[in-house]
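Participant: Here is how the chains run, residue by residue.
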Amino acid sequence: MSEQAQALLSARDVVQEFVVRQAGGVRGGVVHAVSGVSFDVMPGETLGVVGETGSGKSTLAQAILQAPRPKSGSVIFRGTDLTKLRGRKLLRARRHLQFVFQDPFSSLDPKWRVRSIIEEPLIAYRTGDRAARRKRVDELLDLVGLDPARYARRHPRELSGGQAQRVAIARAVALEPSLIICDEAVSSLDVLIQAQVLNLFERLRGELGLSYLFIAHDLALVKQVSDRVAVMYLGKLCEVGPGESVYQQPLHPYTQLLLDSIPSTEPGAARASVTIKGEPPSPIHPPSGCRFRTRCPRAADICASEAPPMRELASGHMVACHFPLAAPATPATSLMKEAAQ
Amino acid sequence: MTDALLQVEDLRVSFAVGRGEIRAVDGVSFSVSPGATLAIIGESGSGKTVCCRAIMGLLPARAAISGSARLRGGELIGLPEAELRMHRGSDIAMVFQDPARSLNPTMRAGAQIAEAIRTHRQVSKREAQAQAVELLRMVRMPLPERRFHEYPHQLSGGMRQRVMIAIALACRPKLLIADEATTALDVTTQAQIMELLLDLQQQMDMALIMISHDLGLAASYADEVVVLYAGKIVEQAAAVQLFGTSGAVRMRYTRALLDAIPHLERPAHALLPVVGGRPPDPTALPPGCAFAPRCSHAADDCLAKAPALLEHAAGHRWACWHPCENGTGSGN
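Chains as they are written, first to last, in this note's numbering: chain A, 1 to 341; chain B, 1001 to 1332.
To be clear, the hints were calculated from the coordinates, so they are not data collected in a lab.
Because the structure is a prediction, the values reported are computed rather than measured.
Be aware that one or more of the hints could be misleading.
Stated by the list, open to error - When the alpha-carbon atoms are kept at most 20 Å apart in a straight line, the in silico SDA-like pairs for lysine to any residue are as follows: (1) K277(A) / P1144(B); (2) K277(A) / P1286(B); (3) K1305(B) / P1286(B); (4) K277(A) / E1195(B); (5) K277(A) / A1184(B); (6) K71(A) / V30(A); (7) K89(A) / R78(A).
Hey, can you work out the whole structure from these sequences and the hints?
Facilitator: Written out as structure tokens, the structure reads:
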């Protein structure tokens, strides 16, 4: 890929596995949480990652942040491979990579005042003197739509969920990062507050030129904020592509089933749609070949024996499936590229 | 409406706090017909859960409850605990949001279902166990005989919610209250559980009250919708009157809720139409319409006097001085 050189974040074959122990410390098995995931985030772009509980999307986010480090693969952020960095060098590189979590009340220290919470990253990276930092905190509170005079001296418990999440966002943008990883950042908020926070993310994207890696289980939400969308199932990406084409012409049967599961605002409409069968298999014993084959309506023998490679079927729209749903007019060039590999 | 299964009239619940009081539920009336589905929609703190807990008799003693809730004509509010227990489980059952916290982690799934059966019916242990496996099969649990012997931590979120539903259905209740029963689940699991609930509802001719913050879910699955804001019903109608091509939302709060849901049709990065602020402080409700401080169409009359919930069109009630025209008119 030619864009690789300019990508802000580029993950290549990221693998994360955990050993689970049974009673007595006996090795119980290996959880294959993330198994060879590759993607790029361009400057100014939002990449959405959707997947269900246990699909490994949060583990992937943590692997990018090197907390904990992935087992193998590389995470190239602004030209340096984070997996190779240690100590102070890693800290310095990570300054431009910030995180917003799902539950603001467990990610904000309950004993600290809002002002100190937002000031902490500025102190950690020795930015300016005390007066300059205080001024910056006020600016940041203004930026996220909280009045510094009213909120700077409060504790997290004196804030509503939406306000607390704004504080978490102010802390994340304090060091002027270039990429923010949002892990279910609006999932715990009420729908009206969620819309406010989503609009705040959009505004900051424009004003600060941010890129986002936006992880969520809600497909419509991810569509709303993302330029490109990646669909994850049991530790692997099934489909990556521009938001519009992934949602309008999904290529992977799993994406189709996810889309069919969204309740519509049309009365009675959802009752007609097909629901997905069964439970997701255990990541300790993932199915051979394609990991979705055990629940897939299109599965055939080849799906059990061979893991489908990621291939590009339309411009920028990639799928890992032996029997993709729609076969759009495949440009001959991409077929040739495939044959050459 | 004498044929209603559950008839709630002017239900009020308040809690004393310091010198003031919180009116969590403030004059709520609705009815549920046998076999029908009612959705109660609202944000956190709108009183939807308190309302249903009052009906179930699950509120702490310090809650002051007035009004009436009649199940097949029999009053539930003010019943002594012993009599309420007879109703709970056998006539009305409830499924909660977090199955991990409502199941006993030290008991096997099957034993918890059997316990529910034996609480209300005089059957032998073995008979109860056989019925429990049958219930697990009914809620479409994969490998029911095996899951019967497993502990909650060995089950996935969706499977735990199936166990909860099995417990709730153990005595074939006439009314099931699902309090955010699918909120903690993934979309695909949510769709599975909702389909299951609707199938069981038809099989058992059971009425369902869905408590949710998700209007999309209500639109897809409910017959009748009640929208709560700050303890009061602000709009009440059949789902077909509110949603879809022929529907029209009139109350501006319902409109705002509907507009704030991310839609697949919207282009990426489009800003959502938002209302500012947050729900009012329940100890200091404004004198007028509770939504007025956040409403783009609020006028002087909205701030001065609260609109009553009136039936403006057949079966469609709303409480608003300046309702939306034909369901549109958001944010202009």
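Participant: Which numbered conditions among the earlier hints are violated in the structure presented, ordered from lowest to highest?
Facilitator: Hint check: 2 fails alone, others pass.
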